[in-house]
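A.B. asks: First to last, the sequence lines map onto chains A and B.
Going by our numbering, the final residue of the first sequence carries number 214, and the count climbs one at a time with no gaps.
Going by our numbering, the final residue of the second sequence carries number 399, and the count climbs one at a time with no gaps.
Derived from the structure by calculation, the hints contain no laboratory data.
Idealized CB from N, CA, C, for every residue including glycine.
Treat the hints loosely; a few may be bogus.
[Said to hold, decoys possible] Covered by chain A, according to a simulated footprint, are these stretches of chain B (three or more residues, beta-carbon under 8 Å):
| # | region |
| --- | --- |
| 1 | 218-231 |
| 2 | 246-255 |
| 3 | 273-287 |
| 4 | 355-366 |
Read off the chains here:
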Amino acid sequence: MCRTACLERGQVLRRDIVSDLEGEWLADALRGDPQAFSKLVETYQRPVYNLCYRMLGDPHEAEDAAQETFLRAYKGMSRYDRQRPFSTWLLSIAAHYCIDQTRKRRHTILSLEDSPQLDPPDHSPGPEASLSMNEDRSRIQALLETLSPQDRAAVVMYYWYDFSYKEIGQALALTESAVKSRLHRARRDMALRLTEQSPQAAALGRIRHESPAF
Amino acid sequence: MNHQLFENWLASEEPLLPDQVSSLQEHLQSCTSCRQLETALSGLDELFQRATQVTPVLGFAGRWLERMEAERRIRHRRQTWWFLSNTAGVAAILLVFLLFQLVDVFQSPVQLLFVCFYRLASFISLLGSAREILALIMKTVPGMVSLPGWILSVGLLSLISVLWIVTYQQITSPRRMRAWISQEN
Numbered sequence: 001m002c003r004t005a006c007l008e009r010g011q012v013l014r015r016d017i018v019s020d021l022e023g024e025w026l027a028d029a030l031r032g033d034p035q036a037f038s039k040l041v042e043t044y045q046r047p048v049y050n051l052c053y054r055m056l057g058d059p060h061e062a063e064d065a066a067q068e069t070f071l072r073a074y075k076g077m078s079r080y081d082r083q084r085p086f087s088t089w090l091l092s093i094a095a096h097y098c099i100d101q102t103r104k105r106r107h108t109i110l111s112l113e114d115s116p117q118l119d120p121p122d123h124s125p126g127p128e129a130s131l132s133m134n135e136d137r138s139r140i141q142a143l144l145e146t147l148s149p150q151d152r153a154a155v156v157m158y159y160w161y162d163f164s165y166k167e168i169g170q171a172l173a174l175t176e177s178a179v180k181s182r183l184h185r186a187r188r189d190m191a192l193r194l195t196e197q198s199p200q201a202a203a204l205g206r207i208r209h210e211s212p213a214f
Numbered sequence: 215m216n217h218q219l220f221e222n223w224l225a226s227e228e229p230l231l232p233d234q235v236s237s238l239q240e241h242l243q244s245c246t247s248c249r250q251l252e253t254a255l256s257g258l259d260e261l262f263q264r265a266t267q268v269t270p271v272l273g274f275a276g277r278w279l280e281r282m283e284a285e286r287r288i289r290h291r292r293q294t295w296w297f298l299s300n301t302a303g304v305a306a307i308l309l310v311f312l313l314f315q316l317v318d319v320f321q322s323p324v325q326l327l328f329v330c331f332y333r334l335a336s337f338i339s340l341l342g343s344a345r346e347i348l349a350l351i352m353k354t355v356p357g358m359v360s361l362p363g364w365i366l367s368v369g370l371l372s373l374i375s376v377l378w379i380v381t382y383q384q385i386t387s388p389r390r391m392r393a394w395i396s397q398e399n
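Generate the whole structure from the sequences, applying the supplied hints.
C.D. replies: So, in structure tokens, the structure goes:
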């Protein structure tokens, strides 16, 4: 249900629809055209940056990681398999880089002053709504920080990009059953932690005895 | 039934079979922890559902192009230094070798002068021999081949040269290269 709602709100990559223009950019980029690749950077900058931010929790590190992702993708275009969606391949690079960076780091500094732009910035919610959004964002990042890097990547791909278990497995070099197991455990742990930290937030979900599985 | 199974069903996004649904509903009526988990999972999904994708600061693609250009300059500088250091290393080795050779020279310069004059005389003698051989060839070969034979040979050589030049230009033309590249892709 959550992921269907995310689709309706246009938060998820439309991997099934690859415009002809994007196909041309990809073909030109495969021949080594940097201008064509920069068009792809403009197209995919937001999903890549979002993944990096959710993984690293810091906007400056996320910017650096996203830039590095595109650089690695540009240098490795000869290894790109055209049978796979470009977005999946790109996010796979981003996820692996962020996992490596997370393992190198000792602690994370979350800075609300240097917050990235949220979409849509022109809706101008009121101060109470802004405060609520900031609290939600902090809460989400705090929950994601409790996960291992690979679990975090799986959760981000699950919630923001509508990846199937198979696609998450391909992106993270895991089997489908391993992805299911990690996601179930991660969601369970985050749900219980959310309940401990903020019972009100946990209770905002359906309180009727009705599972998303129904 | 295994408690873990009910927790998996709660966390699963896949629709359950009717008998699984009824089992789960029956279990939730008696299990407080599973009810709490179900509520918590719903709250978690609600929280993530409200989250939007974050956007980088404006100008991301431009910064990426600058970074790529900076990387290219660094790589070029590194390659230049690598080439220069290799060349300097080879030059240093050759210089050391030359210095060892020059040690003998500084010890006996007169002997070196004799060797140089001898080498120069040998070279001049070789040039003279080559000139005589060439003159002999120029005297005998024209007599062996008639004038029409010469004209035919020169003509054939010229035609082959022209054909080679034209074929090379055709093969390396930009249009043909683009067609070949697109065919490869």
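A.B. asks: Are the hints correct? Go through all of them and say.
C.D. replies: Going down the list of hints, with the structure as the test:
Interface restraint, the region 218-231 of chain B with chain A: holds (10 residues with C-beta to C-beta distance below 8 Å; minimum three). As drawn, the region 246-255 of chain B meets chain A at 7 residues by the rule of a beta-carbon pair under 8 Å; at three or more, the given contact holds. Given a C-beta distance limit of less than 8 Å, the hint that chain A covers the region 273-287 of chain B holds, as 8 residues qualify and 3 suffice. With 0 residues having a Cβ less than 8 Å from any Cβ of chain A, the region 355-366 of chain B misses the three-residue criterion, and the hint is violated.
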